[in-house]
Amino acid sequence: MWQGIEMLFQHPSVNVKYILDGLFFGSIFALAAYGLALVWGVMNLKNLAQGDLVILGGYFTWYFQSALGWNPILTLPIVMFIMFFFGWAMYALVVKWVIDKDLFTSLLATFGLALVIQQFINLVFGPETQTAVSELGKIKFYLFGGRIVVPEIRVVGVLLCAAVAVALIVFMKRSRTGQAIRATAQDARAAKVMGINTDRVYALTFSINSAICGAAGALVAMMFLVQPFYGITYSIRSFVIVTAAGLGNLPGVITAAFGLGVLEGYANNILGASYQQFIVVFALVVVLVWRMIRLRKARMVLE
Amino acid sequence: MKLTTKALSFTIGAAALAFAGIASAQETLTLGSAISLTGKYATNGVHAQNGYEIAKDLINKGGGVDIGGTKYMLEIKYYDDESTPARGAQLAERLINQDGVEFMLGPYSSGLTKAIAPVTEKYGVPMIEAEGASRSLFTQGYKYLFAVLSTSEQYLASAIALAAEKAESEGKDPSTLKVALAFENDPFSLDVRAGVIDDAAKYGMQIIIDDKLPRDLSDMSATLTKVEALQPDMLIISGHSKGAATAARQIAELELEIPMVAMTHCEAAKIIGKFGASTNNYFCPTQWAETLTYSDSLFGTAAEFDALFKATFDGYKNVPYQSAQAAAAVMVWADALSRAGSLDQDVVRDAIAATEMETFYGNIKFSEAGNNIAKPMVLRQIQNGEYAVVAPSKWASAEPNLTFK
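Protein sequences appear in the order of chains A and B. Using the numbering used here, read the first sequence as starting at 571 and increasing by one per residue. Using the numbering used here, read the second sequence as starting at -14 and increasing by one per residue.
One chain only, chain A, in its complex shape (with noise of 0.2 Å):
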């Protein structure tokens, strides 16, 4: 442990490099996690098969470059595209059946749903892990006495996660549709009374989030590795970073996966590798225990 604390002073650029990578790693995880916040948000729905569409997603990545030699980079818009039409067909499937039963039915209906897409993809294309090269550079600096190497790959992620960010706030704030959806967070009876289409406002929340999920999926791809049983910790790590933030609160989602991205680092260094998820979970449960005891303050009974 002091070990660890000592190499941060003696190597300052560890530090530049743990912050970095967390700002990285944390872009792809904000992804999956404004597209949980959307559709729990939006249709109150605990999305359990969120990580599998995220792994769903770098599959078509991997396919398209190995299979037809595309461009792992280009395949992303495709693969929004594609993940896109899947995600209304998911909705029309099955989460439309259970959207308005209770909890239970949904978190079944979405795991069954994990279930499905794991065994999908495992069927197609194969129980092993895959990765796809993304055949981009890397930017070489030197900071603090240290080299610092970033591949660009994770440079396009954090502009990704930026851009789809703005892109869904100026959706919701600015176009009819986005007004729709968010009328139907608000009151879906109302919202319904007032003619607006809910139904279709699901399909497209789903088909949204789903949509994002393929463009982390593909990151994933081109940063990390996808395997068909990987999408749990991508499941996870959404719902703590959703939880920690609190629903609908956009700029919180992103703080949070950047915070968690970077407290990974420091928890390998400090306390060692096994730490590292540890820690992740550990920090959802104080923002909880925090977050009870400053309600505590405003909790009154009614006589």
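Simulated from the structure, these hints should not be mistaken for lab results. There may be inaccurate statements among the hints.
Claimed, not checked - The list that follows gives simulated cross-link-like pairs (lysine-lysine, DSSO-like), each with its CA atoms no further than 27 Å apart:
#1 B:Lys157 / B:Lys302
#2 B:Lys259 / A:Lys708
#3 A:Lys710 / B:Lys157
#4 B:Lys187 / A:Lys708
#5 B:Lys163 / B:Lys187
#6 B:Lys302 / B:Lys259
Dock chain B against chain A, hints included.
Chain B in isolation, oriented as in the chain A frame:
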């Protein structure tokens, strides 16, 4: 033309009749195996099954196995364990209790073997397995479990020995070497790690990083950041294909220069194809390679096995060692059964325990605990995009490319 067809069909018919006549005069002996044909181990499960099949067919083609004067044809009954240990254990019960199987071949992976061994042990059914390398399988005192492959703690022993040898030849004390370890937190990788730590301690090497990575590892940049800061002489990685793929990608991305990088599962992760020249000089251990000079009377040399396998099954560019060792397990069965001269399970068990044979896969001789102690792990290095055997020196086909700073 018509006549020839008729003649031909007659000949085939007669041959079939004659063959049926022979077959009915012979007994069949059924080996049982729960194997992963679907689920996450499906690829390697099929590799293993192909290995079993090729050896079984060749043995049957040579007239089967002579057990106490009667010729037996081998047959293998498979069930798909779906890559889940619980299912594997159920299927082993079913093979033994319902199908009356008295002799077993192993499943794929240490995890499945761990689940099935207690069942075969309970019924006193001997099992020869080829795909479970975990050391912990051989510390339980199992009497009926035998494995033809080298156990996991030996995986990287030759890499450490090579590093020490090289350091000495450069006039350096091996104890000055600094080692960084990055291992997945799963039973197999931790076994490999235990072996590495023992070997490193033997030479007094200093372990400066010892990271246990999560099971769903897909990123090790935090570990590699430490590696870049502390500059070890050796980086050793084990975490199945995902560990190899992650390490190969991120070492190249961060442009780390480490004198010696050794990792398991290079081939399974296809790192040469994916990451190209950046993987040159990596060291990769393997159970078996087709360039080795081992040979036997059934398959011939390792290279001949390789050729036959590729001719029998479509779609193999390289023959995986998983298939080679599976074939070797069937060879051990044939050998032990014919030496036992009886179908009594305990007699057969003792015959297996007394095995001492040379195969294309390597020598086979079991320890008290049931693991194979006659075959060393082979260390290969990626040289110009090809795997070249560099240790042990007796079978090496190339010089290792390694210099410590």
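We went through each hint and held it up to the structure:
1. B:Lys157 / B:Lys302: violated (41 Å)
2. B:Lys259 / A:Lys708: It holds: about 17 Å lies between the C-alpha atoms, which stays within 27 Å.
3. A:Lys710 / B:Lys157: The given pair, whose Cα atoms are some 34 Å apart, is violated under the 27 Å limit.
4. B:Lys187 / A:Lys708: At roughly 40 Å apart (the allowed maximum being 27 Å), Lys708 (chain A) and Lys187 (chain B) break the hint.
5. B:Lys163 / B:Lys187: holds (14 Å)
6. B:Lys302 / B:Lys259: Holds, at about 16 Å.
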